[in-house]
Amino acid sequence: MPKGKTVISMREITKVYNVGGEEVRALDGASLEICEGEFVSIIGPSGSGKSTLMNIMGCLDIADSGEYILDGQSIESYSEEELAKIRNKKIGFVFQNFNLLPRMTALGNVELPLIYQHIPAVQRKEKAKAALQKVGLLSRSEHKPLELSGGQQQRVAIARALATDPSILLADEPTGNLDSKTGEDIMRLFHELHRAGHTIVFITHNDDIAKQAQRCIRIMDGRVTEVSK
Amino acid sequence: MIVQSVKMAWEAIASNKMRSFLTMLGIIIGVVSLVVMVSLVNGATGAVTSEITSLGNDMLSVSVSDDKGVPLRLEDIKTLAQDEAIAQAAPSSMMQAAAKHGYSDAFVSVYGTTPAYYDINGLILAKGRFLKTVDVDNASYVAVLSHEAAEKLFDEDNALGKNFTVSGRNFIVVGVLEESDSMLSSMMSGTAIYVPYTVESRMASQPYITSLCVSAASDTDEAEKAVKDFLLARFSQDDEAFSIINISSVSDAMSTVTDTLSLLLGGVAAISLLVGGIGIMNIMLVSVTERTKEIGIRKAIGAGTKSILMQFLIEAIMVSLIGCVIGLIASWGILELVSVIAETISFKMSLGVVALAVGFSSAIGLIFGLYPANKAAKKHPIEALRYGG
Numbered sequence: 001m002p003k004g005k006t007v008i009s010m011r012e013i014t015k016v017y018n019v020g021g022e023e024v025r026a027l028d029g030a031s032l033e034i035c036e037g038e039f040v041s042i043i044g045p046s047g048s049g050k051s052t053l054m055n056i057m058g059c060l061d062i063a064d065s066g067e068y069i070l071d072g073q074s075i076e077s078y079s080e081e082e083l084a085k086i087r088n089k090k091i092g093f094v095f096q097n098f099n100l101l102p103r104m105t106a107l108g109n110v111e112l113p114l115i116y117q118h119i120p121a122v123q124r125k126e127k128a129k130a131a132l133q134k135v136g137l138l139s140r141s142e143h144k145p146l147e148l149s150g151g152q153q154q155r156v157a158i159a160r161a162l163a164t165d166p167s168i169l170l171a172d173e174p175t176g177n178l179d180s181k182t183g184e185d186i187m188r189l190f191h192e193l194h195r196a197g198h199t200i201v202f203i204t205h206n207d208d209i210a211k212q213a214q215r216c217i218r219i220m221d222g223r224v225t226e227v228s229k
Numbered sequence: 001m002i003v004q005s006v007k008m009a010w011e012a013i014a015s016n017k018m019r020s021f022l023t024m025l026g027i028i029i030g031v032v033s034l035v036v037m038v039s040l041v042n043g044a045t046g047a048v049t050s051e052i053t054s055l056g057n058d059m060l061s062v063s064v065s066d067d068k069g070v071p072l073r074l075e076d077i078k079t080l081a082q083d084e085a086i087a088q089a090a091p092s093s094m095m096q097a098a099a100k101h102g103y104s105d106a107f108v109s110v111y112g113t114t115p116a117y118y119d120i121n122g123l124i125l126a127k128g129r130f131l132k133t134v135d136v137d138n139a140s141y142v143a144v145l146s147h148e149a150a151e152k153l154f155d156e157d158n159a160l161g162k163n164f165t166v167s168g169r170n171f172i173v174v175g176v177l178e179e180s181d182s183m184l185s186s187m188m189s190g191t192a193i194y195v196p197y198t199v200e201s202r203m204a205s206q207p208y209i210t211s212l213c214v215s216a217a218s219d220t221d222e223a224e225k226a227v228k229d230f231l232l233a234r235f236s237q238d239d240e241a242f243s244i245i246n247i248s249s250v251s252d253a254m255s256t257v258t259d260t261l262s263l264l265l266g267g268v269a270a271i272s273l274l275v276g277g278i279g280i281m282n283i284m285l286v287s288v289t290e291r292t293k294e295i296g297i298r299k300a301i302g303a304g305t306k307s308i309l310m311q312f313l314i315e316a317i318m319v320s321l322i323g324c325v326i327g328l329i330a331s332w333g334i335l336e337l338v339s340v341i342a343e344t345i346s347f348k349m350s351l352g353v354v355a356l357a358v359g360f361s362s363a364i365g366l367i368f369g370l371y372p373a374n375k376a377a378k379k380h381p382i383e384a385l386r387y388g389g
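Same order as they appear, the protein sequences are chains A and B. Heads up, the first sequence is in our numbering, so the first residue is 1 and it goes up one at a time. Heads up, the second sequence is in our numbering, so the first residue is 1 and it goes up one at a time.
Since the hints were made in silico from the structure, they are not lab data. C-beta: ideal position from N, C-alpha, C; glycine also. A portion of the hints provided could be inaccurate.
What the hints assert, rightly or not - The following label-pair restraints were derived from C-beta to C-beta distances:
hint, chain 1, residue 1, chain 2, residue 2, range
1, A, His191, B, Ile2, 39 to 47 Å
2, B, Ile329, A, Tyr17, 53 to 61 Å
3, A, Gln117, B, Val6, 15 to 23 Å
4, A, Gly176, B, Ser15, 23 to 31 Å
5, B, Val6, A, Lys144, 20 to 28 Å
As the list claims (entries may be wrong) - Keeping only pairs whose Cα atoms sit at most 30 Å apart, straight-line, the calculated DSS-like set for lysine-lysine is:
hint, chain 1, residue 1, chain 2, residue 2
6, A, Lys129, A, Lys89
7, B, Lys7, A, Lys134
8, B, Lys293, A, Lys144
Just chain A, same shape as in the assembly (with noise of 0.2 Å):
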């Protein structure tokens, strides 16, 4: 497969807590690639930084030192806000408990990053409806969470990272809280939209899950290690 752009390329990132008042380096020195198209894992024991990793990739945190670029953007000193928009127009999360709104219908999951879009109504549900339709949904848009079974329900998250149309999919541990039936559904699931060119990038700990995907990336204590299939 020929290789695209860069969609995110991060050098010398480093993320230091303080816990308990010991430093803890979670990411030292961390840099990586990933072009658009891509389908990538990373792999790495729990402790090894890779929630980090993660976090600072999703933009939801922001790296204490290194370069991060997104998209061509440089994400650095954001405020708040601006990482949030970052986030509804670039990132599509999917995580491991699911994380879907128990009030809200599938259909109306499904919406929310649009709304915060500020996309017409009318606009919204098509678009609602047709990431629905590509995790194969569209006829349970009108149940509750609640009524899904747990591989309907990551569907339905899937779809909902999917609906903004983000530059890239960043999943978390998606498999985690299947069964591994399920977990191959998904899995195959994501192998479908890779096929139809969106960047993927998940977050495992399980090596043969990892091996699934076309390039492995392996993190520990902090550090970044790229693994050849």
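Assemble chain B onto chain A, guided by the hints.
Here is chain B on its own, set in the frame of chain A:
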């Protein structure tokens, strides 16, 4: 965005109806006490003011206690009435006496006066005529009866032209007044009969005028000044020799008192609204903590601080305003009920007090929603996402 925030706020309120209602209860009680108290005071004020006005709002009532050897006579009253600040003036001497007709008798107030009295006091005839100048000049034994007096002495329908006696003198009824619908004025006039001044003065052996009533040409204060100047000049500048009661100044004083009263009661009610506001803040703080996860999710998918702030602020204002509307409806019901019970007085919500309640409620929602909403907006997305549950 506002429309979406309103929708989100409504969903949040509707998802926990009992709690939302209990939160609103503080505002409901506050609004009800504000609206009902102010409306009751206003209604009572209106009733009392119209009672006072029915006594003759442009009327001055004068009584002379010390005539300094230069007592007032009918001619002096005529002179006084010449003043351009004064429309009319009439003596209003009064004596108590027993009236008799056949076997029925009544204790009546006999007013000796002139035709001008009719206009000054705003009397209304039911039938017959009022006193005429010739009656006064000739000291005729004619009388005009109040509705109550006519009822007591005669069969109401055919009092006209009949005779009755007061202190052994024979009077003929020439007119009957209409029944007064004002409580206060019917209490004041009661079983009154009106006879020519000259007749009453002879019966009471009081040849001088000690009390009179005056109506103002336009401004009662000017009229009061004219009467005062006239009497001061007459009674060697002694302002203790007479007293003037200005009905309009009585009603002015009355309205000052009731304004203060409604301000006071409104203030007390406003405090209960304030307490309601604190209730809203309390519940909103709980709600923000409970919905930490939701806030985290919203932030992760792109809700900015402003959107979150707006959402919670609108929720607080909405709770407050819904409470306000319920309160207004309840107040309306209470006032209707009170009006039915009170019969004569009708209590209505004025537009002003409704506007006050709505304005106050939104202000309270805004002020007490600001802190919880700000707390929600300031939550860090990562920590909020990690929040248990």
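Run through the hints listed earlier and report the numbers of any the structure violates, in increasing order. none
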